[in-house]
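Novice: Residue numbers (my numbering), protein chains in the order written: chain A, 1 to 335; chain E, 1001 to 1128.
Hint data in this document are derived by calculation from the structure and do not stem from the laboratory.
Cβ coordinates follow ideal geometry from the N, Cα and C atoms, glycine included.
To be clear about the criterion: a stretch of chain A counts as covered by chain E if any three or more of its residues have a C-beta under 8 angstroms from a C-beta of chain E, and this derived list gives those stretches:
hint : stretch
1    : 17–31
2    : 38–48
3    : 83–93
4    : 297–311
Listing some non-contacts, in silico: residues in chain E with all C-beta distances to chain A over 12 angstroms:
hint : residue
5    : L1012
6    : D1019
7    : A1057
8    : G1099
9    : K1124
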Amino acid sequence: MTSKIKRGVSLYSFQEEMFLGKMTLDDVVGFATSIGAPGIEILPEQNMPTFPNISDRQIGEWQDRLAHRGAHFTCYDMFLDTKIRKGAVMSDEEQVASIVRDIKLCNRLGIKNMRILIFVRPDILEKCVPYAEQYDVHLGVEVHAPWYLDHAWILRTIEVADRLKTKHLGILPDMGIFMKHYPPAFRGRFERQGARPEVAQFIVDSHEQKIMCEYTIYEVAVKMGGNKAEVAMAETLRHAPFANPKRIADFAPYFRHIQAKFYEMTPDCTDPSIAYDEVIPQLVKAGWEGTLSSEYEGNRWIQDVEDVDSREQVRRQHVMFEHLIAKAETQVEPA
Amino acid sequence: MFDKFLIDAASLRNTGPTDAPTGFAFEAKLGYYRGLGLSMIEELNVSIDGEALAREAVTFDEGEGPITLDAMETAYDRRWPFGAPATIAVAHPGGFPSGEHRLGFQQKLRVSYLPFPSFNNDEKVVSL
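With the rest of the complex left out, here is chain A:
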């Protein structure tokens, strides 16, 4: 069967080069289309310096930037500053107003998917649904590690969406929830910070066996007398779940966009950590339509020893996607 999975990139992936002024927004958009990933996910608070004040002229410049390169917007990553005032959390009304502000800007940009930070309360989102419907924006709660698809916090959003019978509230999975193997880039950084190889290996082995993280953390911190780097490495296990890819089909009706998180791609274009080889067949089998949007987050793990090359990393991920999608199309029978 032919899948309807589309490919794109989040501008988040190029944060190192953009932060350092080595790539412009034009460069990033041009690169994305050059690798067959013309779907652009934007973080207005990163990529629009005058946020939240965006003129129609600026909107037009963005539309030209994308159109000239054959690209299009896929998703708007919102933020919510509930702690904007020191010592007092925003009222519910202010939170709704902030999200509605983003929904309106999202609509002005012609974007139909919004990434909602996972900490936003489901009852706040419920109040935003009428605006999401009016402006035709799908509010997708980011399912980010250590949460996972079946997590009770996520099910609360699903419950609201079902009860309201709305197509404008759901989820937006971050593929970091499918961390099957401990990322070598993490290990390398902790070893450079002083983690002993044998302790690092113990942590990697424990993750490989899917031992619940608190056992490993206690072993490392107390029984092995772990140093600062070793304890910090063990504590990353709290955020390193391997969710069951076979649950994807059950949740597929609730998401239209995926943040394709990754930390590193090997030169032969495989991901040593995230189980895309198990995830993509499930997406194809489910007949899922949406965009796999690269979210490279490896820069912070290697920048201490090498120049980051986000372009090459993202390129390799898309070689892998092309391969895995094509392979799944030949193997998967329609559901």
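Since chain A is already given, all that's left is putting chain E on it; use the hints.
Specialist: Okay, now just chain E, sitting in the frame of chain A:
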């Protein structure tokens, strides 16, 4: 995530009269993958050779004019954009000490989705 890139060492300069500097200044970036409103930047700690300088001595300017850390607490309409240098000025009679010294810069951010404050740290050996 960008700790080693926060201080622009080449931008360090004295401020005030050349023969009697009243302080020093340097350009710095926000160590975060997005911009942030100034009210959520709780501390900008500057140190020389590990010795902290007074909070009151520091002012920040992203281009909208110098502002103290106390005033930043309620500067709800100003932001430090992603990847954009801002001027960190420090009142320090005599200016930056001569010779090589370690210039430290720490940012304490109130990021709403995190349960704890976020700290960014850079330290560079610099000389004027």
